[in-house]
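Quick note, my numbering runs 28 ahead of the 1-based positions in the sequence shown.
Across the chosen pairs, the derived CB separations fall in these ranges:
(1) 208 to 240: 22 to 28 Å
(2) 112 to 302: 48 to 54 Å
(3) 240 to 268: 17 to 23 Å
(4) 101 to 295: 42 to 48 Å
(5) 107 to 246: 55 to 61 Å
(6) 159 to 110: 47 to 53 Å
By construction, these hints were calculated from the structure, which means they are not laboratory data. Ideal Cβ placement from N, Cα and C applies to all residues, glycine included.
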Amino acid sequence: MSRRRVRGRVLLLAFLVLCVGIITLDFRQTQTGPLQRVQEFAAAVVTPLQRGFTVVTRPVGNLFTSLAELANLRSENTRLKAEVERLNAAADQSDVFEAENVTLRRHARLRESFASMTPVTAQIIGNSSTNWKEAVQIDKGRAAGIRPDMAVIEPDGVVGKIVPPVTRTSATVLLLTDPSFGAAARITEAEITGIVTGSGSSENLSMKLVDNDANVSVGDAVETSSFNNGVFPPTIPIGEVTAVGEERAALDKEVEVEAAVNFRNLEYVDVLLETGPRIAFQGGRADGG
Numbered sequence: 029m030s031r032r033r034v035r036g037r038v039l040l041l042a043f044l045v046l047c048v049g050i051i052t053l054d055f056r057q058t059q060t061g062p063l064q065r066v067q068e069f070a071a072a073v074v075t076p077l078q079r080g081f082t083v084v085t086r087p088v089g090n091l092f093t094s095l096a097e098l099a100n101l102r103s104e105n106t107r108l109k110a111e112v113e114r115l116n117a118a119a120d121q122s123d124v125f126e127a128e129n130v131t132l133r134r135h136a137r138l139r140e141s142f143a144s145m146t147p148v149t150a151q152i153i154g155n156s157s158t159n160w161k162e163a164v165q166i167d168k169g170r171a172a173g174i175r176p177d178m179a180v181i182e183p184d185g186v187v188g189k190i191v192p193p194v195t196r197t198s199a200t201v202l203l204l205t206d207p208s209f210g211a212a213a214r215i216t217e218a219e220i221t222g223i224v225t226g227s228g229s230s231e232n233l234s235m236k237l238v239d240n241d242a243n244v245s246v247g248d249a250v251e252t253s254s255f256n257n258g259v260f261p262p263t264i265p266i267g268e269v270t271a272v273g274e275e276r277a278a279l280d281k282e283v284e285v286e287a288a289v290n291f292r293n294l295e296y297v298d299v300l301l302e303t304g305p306r307i308a309f310q311g312g313r314a315d316g317g
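Please take these sequences and the hints and turn them into a complete structure.
Next up, the structure:
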């Protein structure tokens with residue numbers, strides 16, 4: 029056996045004996061024994077080093093923890109923003125549907141006001157490409173029974189009338205605001221008749237009275253008349269008197285009328301299909317709610 033191998037075995041045996049001796053001393057020693065003092069000394073030396081190591085490494089650990097939390101917070105923030113946008117879009121869409129439902133309910137109630145005429149509700153799909161100055165296109169036509177010279181209204185009052193061209197699925201509405209349009213009308217309070225025409229640029233209408241000496245006041249209501257068997261059934265609201273002309277030399281007295289219908293916000297209209305004898309409009313304004 030070589031000397032190197034013998035020396036290794038001797039060292040191993042000595043190390044084992046030393047370990048057994050230390051364990052025995054540690055087990056038998058009192059709290060004031062020499063080995064206890066060695067352990068206390070070692071602890072006194074190592075503890076500050078451990079504390080320093082902890083102080084140095086803790087910010088690094090906190091940094092990695094903060095970075096992980098930051099990534100989670102960003103992800104959560106992105107998710108919440110997307111959720112808020114989705115909810116806002118849903119709320120906006122809900123508001124649109126609710127407003128549209130209110131409008132359609134108002135149009136549906138018009139059916140109760142006409143015992144001899146059938147209102148066909150149509151949506152405005154754009155301005156008319158005809159030569160009329162104030163005209164719009166609707167999404168109903170001959171297939172729905174619509175023909176030229178039919179009255180067009182909405183819950184607040186008169187809108188206009190159907191004019192050519194009328195196709196199978198669309199029709200043209202000449203608005204009351206067009207200068208070429210004329211509707212037989214009467215001032216309710218004074219029971220004076222006349223003709224209402226449009227200005228072509230706003231919702232202000234003009235009414236020429238048959239009686240130049242008629243007593244008309246601002247605020248008087250203007251409605252359709254059966255005068256000369258016109259396009260419209262009687263008593264449909266047209267508007268309200270806003271000014272009275274003072275031209276004494278004129279053959280016809282002229283008053284200014286503000287339209288009852290808001291032409292800027294028109295979305296749906298009702299075309300009156302005649303299904304029986306004409307009778308007066310029974311419902312007045314079909315208010316929503």
